[in-house]
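Counted from 1, the sequence shown has number 191 at position 191 by full-length UniProt numbering; the numbering is strictly sequential.
Worth flagging that the hints you see were computed from the coordinates, not collected in a lab. A couple of the hints might just be wrong.
[Unchecked claim] Here are the in silico distance ranges between beta carbons for each label pair:
1) 253 to 149: 23 to 29 Å
2) 259 to 166: 41 to 47 Å
3) 123 to 27: 45 to 51 Å
4) 259 to 150: 42 to 48 Å
[Said to hold, decoys possible] DSS-like cross-link-like pairs, simulated, lysine-lysine; straight-line CA separation at most 30 Å:
5) 120 to 136
6) 47 to 260
7) 47 to 136
Computed from a predicted structure; not experimentally measured. All C-beta atoms, glycine included, are put in the ideal place defined by N, C-alpha and C.
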Amino acid sequence: MVEHNGYNKDELIQREFGMNIREDMALVNACVLQPPSLEYHDTGREKFENPRMGQWNMINKVGGRSTVLTDAIQRRIPLVSDNPTIIFGAGVNYPHPGEDSPSIAAEGYLPPVTYVVVWKTRHTRLFPTDHQKTDKSGNIQPGTVVDTQICLTEFDFYLNSHAGIQGTSRPAHYHVLYDENRFTPDALQMLTNNLCYTFARCTRSVSIVPPAYYAHLAAVCARYYIEGEYSDGGSTTGSTAGVAGGVRFRALPEIKENVKEVMFYC
């Protein structure tokens, strides 16, 4: 593509942008984070599990709760079980200007927060230079993180937290927008990678943090309770929907006792 489009001979690119385009791929330094130890319910025959290459099984692990991180309890992963909050945003449509939407926090409640945005739909691909150190699909190993050379000068990093199944794995790009908790890069990268092993739907590490997955699933389910032009059954007459009168919501059904502590939208 570089040769076909002639990027390496384009004077505008070299003069105005100071860029040199080459056909061979750039070499970047990376490290591979170790997977976390997982803990299951005491009723199972096997209580602990150490994932290998981003996956494990549920044999002898039947229990009454989802996976938890052993390190969060024993080694105290920074802030996992404390009050500070981290908000990962991915593919969420934010309210239009002027729309009356409730705040994410109650009035007067001001915990320290860390805002992290994660992108998955990017063109960046990472390939191993040593083909002896790959996963089963020939991709880079789960836990591979890059935070230099191809990253910005801000607090951001690329993380490939999952094992490839088909095709070339696509790393997620995490960008810290605001950090009141003063995370170190190593602490946030380790926490993010470990969280990717706690997704309730599968026994594999996932490509982006489960809180972002859960937020997407909850938002999709919430659309079924919206009436009028914002609902799936309604129609929008213009490019931007009006906000006069606010958005109408159906009354939420009474939640059954046996699902009050369950993320039913998963």
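Enumerate the violated hints, using their earlier numbering and listing them in ascending order. 1, 2, 3
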